[in-house]
Every structure is written in C-alpha cells, then in structure tokens.
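Given the structure of chain A, go ahead and fit chain B onto it with the hints provided.
Protein chains in written order, with my numbering: chain A, 167 to 459; chain B, -13 to 262.
Zero decoy hints are in this set.
Once the Cα atoms are required to be at most 27 Å apart in a straight line, the calculated DSSO-like pairs of lysine-lysine come out as:
no.: 1; chain 1: B; residue 1: 117; chain 2: A; residue 2: 304
no.: 2; chain 1: B; residue 1: 117; chain 2: B; residue 2: 229
no.: 3; chain 1: B; residue 1: 229; chain 2: A; residue 2: 313
no.: 4; chain 1: A; residue 1: 313; chain 2: B; residue 2: 117
What the hints contain is simulated information worked out from the structure, not anything from laboratory work.
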Amino acid sequence: MSSIVTAENLKYVYERQESPEENSEQAEEPASAIDGLSISIEKGSFTAIIGSNGSGKSTFAKCINALLVPTEGRVTVDGMDTADDEMVWDIRSTAGMVFQNPDNQIVSSIVEDDVAFGPENLGVPTPEIRERIDRAMKEVGIYELRKRAPHTLSGGQKQRVAIAGVLAMEPQCIIFDESTAMLDPGGRSDVMDVIEKLNSRGITIILITHYMEEAVRADRIIIMHDGRAVSDGTPSEIFSRRSIIKDAGLELPYAVRTADVLRGKGVPVPDGVITIEALAAWLADYGRQYDAD
Amino acid sequence: MLRDITLGQYYPRESVIHRLDPRVKIAATFLYLIMIFVVRDFTGYAFVTCVLAAVTAVSHVPVKFMARGMKPVMFIIVFTFVINIFVYKGTVLVSLGPLNITDNGLRQAVFIAVRLILLIFGTSLLTYTTKPMQLTDGFESIMRPLTKVGLPAHEIAMMMSIALRFIPVLLEETDKIMKAQQARGADFESGNLMKRAKSLIPLFIPLFVNAFRMAIELAMAMEARCYHGGNGRTRLNPMKLQKIDYIAIVLIMLFAAAVIVQASGITGLPMLWPSR
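The following block holds chain A by itself, in its conformation from the complex:
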C-alpha cells in the first residue's frame, strides 16, 4: 500500500505568542510545537494520534492541511508538498479537515448551503454540487435536516454537518482534529460511527483525540509527546507499553485498566483485550467456563 500523508523530519515553531491557538495549547512551551516528526500514513488506513495538551498533535493536523507550513522538514499529501503555494487547494480538497468546535466551522445559516460551501469554492458545476451534497448528507445521516438552521441542531448533528461539508469535496483523507471533544456521549458515538463507516469505504482517517476509547477503534495509534512521536503501533501493542503512555501524560482505556485490576485479582485476562466489548465478551466466556468447572 502506498502512503497518502508523509512527514519527514517535520519541525514547526510558532512565531512568538501571537496566535491564540498557541496561547491555549502551547503556553508553557514557546519552543517548537513539533520537533522532528517523521511519519507515513497509509492510504485507506485509520490512524489515531493521541497525546496530552501541548503535544503538538493539533499542530501536526494543521500542517497536513497546509494551514501551517513547516518551519523545517517536509509534509506531503498524496505526493504534493504542503510548502508549495500552487498546490494548496488540491491539498485541502484531498485531505479535508473537521475541527473541534462544531459552531465555529459552519458558515451558512442553512444546512445544505453549508455542505455546498466546499464544492462551491472548488468551482464544481451547479448540478454536480447538488448530487455531491445529497450523497454526502445521506452518508452521514443528516439528509432530513438539510433545510434546518444550524443553531437548531445538536452538537453531534452539527459535527455531522461539518463532516458532510468535507465529504462533499470528495477527499481521499479526512483529519478529525479533536472533533468529538465538545460533544455529549450520544453525539460522540454517532460521529465515531460515521468515521468508521467512511473508513470502511476507503477514506483514510486521521483521528486526533485524547479519548482512549476512540483511539482503540483505529488500526494504528501514534502517541505524540513534546512534539515527537514516542510510540507507534496497533492498539494492542500500544496499550501494552504502559510506561510510555504514563510518561506521555495519558490514561489507559477503561477496559485496559479494568483488565489490570482483574489480573491483580487473579483473573487471567489476555493482553489483547482493550475494548469494553472485547472485555465483556471475554468475561462472559470466562464466566461460562468457570461455571462449567
């Protein structure tokens, strides 16, 4: 498989303390937000990037989308260098981005107009815009809401509007920059379901999050700390490296913590059990065997 996003020795330093982004996330570290990151992300994969505040994960997301240009090193999206001004619009329509705050990324007062915003900017002909937005809205399940005003929707619905808006640009890759952080549990699981659905039809997903329960649903997890990738592997590999996770200021997923407690009590939970569903299934099985014995 070929890679869609690559970073080669990426460094990014915020210029002094001008951007408010920096104030909220980088206040304690005026140094480089990203300090020598080399990653390559496969086409069609589902990668989660986790890290505590100030780990540089959001900065990395903005570098992929060419919203930020590397101070040093190189980022390419489908072979296009993000430092190349000519390629900016191609890069952004190849790698779409969904942000954290659902309210601050919806432009129009009508849902379908907002979904059409991206294709309109790309100069897509009118009949095709209609086709694209209808398809996108059906795919994320907001077609029935298309005439509504965004402020009458719930957070999860608004975030799905934002996803539809990106989908209508027909990207190969979508970056979710903490897109579930401001949602209630219901909205969060709706958005996660949409993300998995999109991945299953071949769209590369880069999920930036600090919810471990979301990260375990990915194929691959990259842990970022102090602007570097400190660990990289499948979810079960990652969550067996307990000290790295602790050093990165992160918490283990609930299922892993529960499994640890159970192991302490003498229940032989295997290492690969990292989701609540898997743990529940294993425990049910174990319980049955236990009863049989």
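Positioned in the frame of chain A, the structure of chain B alone reads:
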C-alpha cells in the same frame, strides 16, 4: 430568554411574492421608495396605498403582523407629526399659547406621517417575504457590477451572511456569560442607567474575546474548505429570472409610470391637498 429573539423578520408563506427573485424584490422596493418621494398629493398616496395593499394581500403576510412591526417606529412618526404641525407658517387654525397649528402645518404633518408609514410598510414587506440569505445573495448580485470600481461585493455579502449565521450563536454565548456572571453575584437589572451600563462591562469583554476567537477559528475552517474569495466560485442555487419575475418587473414599471404621470399633473385631474 435571549434565545426567543426571532432572526430577521421573515414570515414564511408560499406566495408569489415570496417566490420572486430577491433581486427583483430589492429593485422594486428601491423604485417604490423613490416613487413615494415623487408623490405630491393625497390622490397619489391613495394610489400607492392601494397598490401596497394589493401586494400585501398577494403576499399572505397578515396586516396585523405587519402593524405590530410598526410599533417601534410609532414614536418617530408621532414625534415628526408633532414637530411638523407647529413649525409651518400659514393660516392659524388653533392657537395653543405660543404654539399655532396652521393649515400648512397640519397638511405637512399628515403628509409626512403618511409618507413614513408607507415607507416602513413597503420596505418591511421586502424583509417579511425574503429570507435573509436570499437578501444577501440578491445584494451581492446587484452590486457585482460595482466590483469594477473597487466595491468588494462578494466580501460584503459574505460578511452579512456570516453575521446572520452567528447572531444566534452570539446570543447563546451572551446568555451563557450572563448566567455565569449572575452566578457569581453580578447584577444586570437594578440601579440607574449609568450603573446598569457599567454592569454590562463584565458581559461585553468576554463576549468580544469569544467573538474574536470564533472569527479566527471560522476563518481557519473556511480556508480548510478551500475558500479563496469570490473568484471561480460556483453556486448551489444560482439565481435565474423566471416568468413571474418578468411579469413583476413590468408591473412595477407600470406602477412607477403611473405615479410619475399623476404627480406631474399632465393628466389634468385635480390634486388633492397638494403642497405649494
């Protein structure tokens, strides 16, 4: 409580007037405004009123609803009426101490009051029958020729539509901040005007800060979705004149012609209480 404020004045109905192209409605309203100033006597006003009543009837916007919209401007109308009635010289009708009501004053007062009422009724019909988004699109399209002389038509329309989009968001934000401040003992309701104005400072500062933060995030989100100004943009719903739009254009032209002919006096019909 702040959430109850309705957005704009749009009154949703399925009428011919609602379906008209916003550009036609804007142009028609503009022409109507000019015509009101062309009118010189009360026969002219009677004609304009009849036309306005007919359009209102077709639009299905209830007159009661429109009259309610007049309340806030009632003060201005009464105020100008009172001023006008006393300042004009002429034959004294009633004398109230140093103030005299003259025939010219009375005529002028009634004339201006009618003019104001027709102005407000006519323009509000535009906002009652046109969605704010359509209005901004219409304005953009009408202003487009002026981009050649440096008027940023697309940018202005984009700003207007974003402002409309964020009114409810900012209201919610205000509500939130207000409650947060009240929870810490802030008092927005008592005291004299000065004190109340002062008490709003802790409300407005966080609101402004938030508004700027929102603007930065929105700008970034727009850029991420390939926004790069009005050049090369296509539209989901491009505006196209339909048959009813052409009919409306003809009708409004006829209306304007009728008003001009009547006001010029060439018809030979007597003027009803005209100004000198």
